[in-house]
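Trainee: Below are the chains, spelled out letter by letter.
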Amino acid sequence: MEWEVVIGLETHTQLQTNSKIFSGASVKYGAEPNTQACEVSLALPGVLPVLNKQAVHCAIKFGLAINAHIAPRSVFARKNYFYPDLPKGYQISQFELPVVGKGAITIQVPAAGKQEAYEKVVNITRAHLEEDAGKSVHGAVESMSGIDLNRAGTPLLEIVTEPDMRSAAEAVAYAKKLHELVQWIGICDGNMQEGSFRCDVNVSVRPKGSDKLGTRREIKNLNSFKFMTQAIEYETRWQIETLEDGGKIQQATVLFNPDTGETRAMRSKEEANDYRYFPDPDLLPLIITEADKARVSADMPELPAAMKARLEAQYGLSSYDANSLTSSRDLADYFIATITAGAEAKQTANWVMGSLSAKLNSEDKSISHSPISAEQLAQLLKRISDGTISNNAAKQVFEAMWQGEGEADAIIAAKGLKQESDSGAIEAIIDEVLAANAAMVEEFKAGKEKAFNALVGQAMKASKGKANPAQVNDILKKKLQA
Amino acid sequence: MALSIEDIKKVAHLARIEINENDANATLSKLSGILALIEQMQAVDTSGIEPMSHAQDLSQRLRDDVVTKTNLRDEFQKNAPILGNGSQEPAVAGGLYLVPKVIE
Amino acid sequence: MAKNDLSNGSLKSYADLLQSKQISSVELTQEFLARIHRYNPSINAFIALDEAKTLAQAKAADVRIASGKAAPLTGIPIAQKDIFCAKGWPTTCGSKMLANFVAPYDAHVISQFDAAGAVNLGKTNMDEFAMGSSNETSYFGGVKNPWSFDRVPGGSSGGSAAAVAARLCAAATGTDTGGSIRQPASLCGFTGLKPTYGVVSRFGMIAFASSLDQAGPMAKSAEDCALMMNVMAGFDERDSTSLDRAKEDYCRDLNKPLAGLKIGLPKEFFAEGLSADVGKVIGNSIAEYKKLGAEIIDISLPNTGLSIPVYYVLAPAEASSNLSRYDGVRYGHRADSYTDLMDMYCKSRAQGFGAEVKRRILIGTYVLSAGYYDAYYLKAQQIRRLIAQDFVEAFKQCDVIMGPAAPSTAFKAGEKVDDPVAMYLQDIYTISTNLAGLPGMSVPAGFANSNDGKALPVGLQIIGNYFDEARMLNVAHQYQQVTDWHNQAPSLPEGNA
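Those protein sequence lines, which keep their order, are chains A, B and C.
As numbered in numbering that gives the first Met the number 0, the first sequence has no gaps in its residue numbers, which increase by one up to the final residue, 481.
As numbered in numbering that gives the first Met the number 0, the second sequence has no gaps in its residue numbers, which increase by one up to the final residue, 103.
As numbered in numbering that gives the first Met the number 0, the third sequence has no gaps in its residue numbers, which increase by one up to the final residue, 496.
Check each hint, because a few of them may be wrong.
As the list claims (entries may be wrong) - Heads up, incomplete: computed chain B residues facing chain C, CB under 8 Å, no partners named:
1. Asn24
2. Gln55
3. Gly83
Rather than coming from a laboratory, the hints here were simulated on the basis of the structure.
Idealized CB from N, CA, C, for every residue including glycine.
In isolation and in its complexed conformation, chain A is listed as follows:
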């Protein structure tokens, strides 16, 4: 039988705020245990939550970015369950009335094997505000777990998709696109190692052609795209094999073990949960007006899709280039900064996506940590355009700039890379070359085109590579035709 995998994602994005969603405790990562756990984070008797304005703004931004319905009235609810990292015994979340309703994200699924690259729309069911839990630390004391509540109360936006994805590749393409988007609009730092962007993946399989959903298992807390691919592929295979062997899939929450590449059901979630959601009496309904949305909208950066269209229309970039350059806000910002500093667009696109990206990749650096700033790159590119240096020399200058040897002009001067563009000097060199290579001149005049190139080569050699090749071409042509 042919099987089809059906995938939906729930992504917890940590919102970029200074303080927690319901208290004034810091959310800075990496503090000593419980030093950022205030009385509200600890759920001491008598404490109360007050909602962080910035968290609400982040949610509105996301809603606007995916063209979603933003609820004029949404409600915070308590999700009740006991867990040591959940100090109140309930999590404040949103249940029936989330802040962000239906929206959509267009993803680009890359080519793989015979499959060509394609676009797909993934529908977003909802996104809601909630608080994060703390952490259980194992191994500090034998047979005990240690509870650190620094993270408890960190603001999260949980983004839930429809079960629209049909392969690990689509799921990862969606997750990457979402990862780029939340960073682009500045609501999440995207740091997956620190847990700022965590995905729960719901996976089920069904016979191809069936329109009924199979029983799903939820893979919890995937924090790398590589693990996501591995986990989905393993889980899909496992479910198909189980069904083909005549077994049944039990709904379950599973964890992915990166060491074995396998998934296994969580023991603590074995029992069916009954979360007893009800509206939190400590918090009033969240009202978002058109004016609130307009204010946030005015504060929004140009979105990637809009910027892509603009790069094509305004700068004549190819769809491929425009898409690549808008794959991250930092990259797009770098590109715009470079052309704003005077570099030509297409040339900038080639350099940014070519030499610069290659170099960054090889040293595992992000564009925001590029040793060559946009302004520095722009100076280099201008020197190519205005004929000061050749493309070859530019590569040397680029390397030197990467090593921190200074600005392009200084390096050109120090290394003596400036092209000879004085036509008098070039004429003198060419005259010498012509005189010394009378045989080649004859060959050329007899119709051998190759002889011309040889003469150019001789001239360049005589100039020690510094002559502007275009000028050498022009002058040589004129002299030979004279």
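Once you've looked at the hints, dock chains B and C against the given chain A.
Mentor: Here is chains B and C on its own, set in the frame of chain A:
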């Protein structure tokens, strides 16, 4: 909706309250009385009535995103419970609250 | 005022004595501490005293008075219900669960009294987590009704009630989720006010049912309550449900005449269930209001009979969730021995909570659980709106509503403790105002003789429209100008003199 002993046990488990057989029986009779009182509500037709969660019809006030809290860990951990199981020490170590091993 | 009846003074009389330097705050405080030493061992109104802290506050108040910067309550000893976190004080909420908890921060109410220069006299006994109407669910034992030691003071603010009635403090704070200020005020014969929901911040007040809980004053007179309200009320940004309103002076209308006041009498408050002697006392007080020029209007609150069923869904539901934080992890009781995490939770909570609290947690968990939410919780919230709308209609016809605060006088200790439903009916006249969020008060209106011949206090309930506390205090104050029920104090059996 008559309550059963199983209901009592299920609810006690959800609420993380240990309950023995005797307690469960006594609780069943008391809770059944309370539920009978509550059942009076079922006589009222409430179709179309907006539920009332709050005493006033107001909206949530928002707090500026400013860090106002300082580290009071030592102060707060003075209230840590006694570890138990033979130890009279507070259930904290290295700034962490100690609980029996959490199994995921 | 003579020093020998110092304990029976009004807040204003204390302020006058203090500010004219006829007495110091330390002396006044010591006077009350002496009474506490004498009578508290039998009454059990206070469960935490810290004389060093209390007297330090009194000394600081004397300095403030000397510097001429005294506020109306500066130097006056106030008893605080043990539901309010007070930094450095044991804060137990009447529970074994929090028997060793020392609050590391101040509730808004506590900081307001501190800022006013009032003296914290001690923490008062209460029903465990404010769940009860007799103070018998307290882990720290019951409280005696100062009018009759074999009877309960009412609850949940039973300690504060007995402390005010026995003149062990100048005034006290209470909280009222379903009647916990007004019912004990009625049973112990003093004046208690539950303000409009949101007028007093709940920050630092240990939650029972968050959408109903409201703190208020418990004092001898309406005037004292007004002075207390001036300290307690006010916006607090730490409580999302705190109302951002201009500060008001609750004393401003005390002396307005009542001529033309329209008093609504809901027929449902005088139906079956009200004891005849209480009904008679209430009737007399209504007659007194007529003499003051008030007009009596018969009204109806048709859904009021549903307030108890609705309350016993909503309050336990909220409580079951509010009390989940008591898990023995970060503070509070942890079982002595346990095998694993689940065992630790279940044992710690089974041991830390008393029977009534556990019952309410179970009921609350049940009504919220899968399959029952719509039939119970949602339905109760819908009927809550009907109850609130009854009041909206009623206040189109009258300025205030009056009736009994409790269906009977103080009952005997142990009488209802095994019958939760009978106990719940104690709050039949008070709960509907909590559900609606309206202000309500109980004012001493006379005495009814118990079957064993004891004269026991009866409270008249006054219910006002939202934010109408100043008018209610005026209505009560005018009554207290022509009656002296509020000045009656019980004669206490000799204590440890």
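Trainee: So which of the earlier hints does this model not fit?
Mentor: 1
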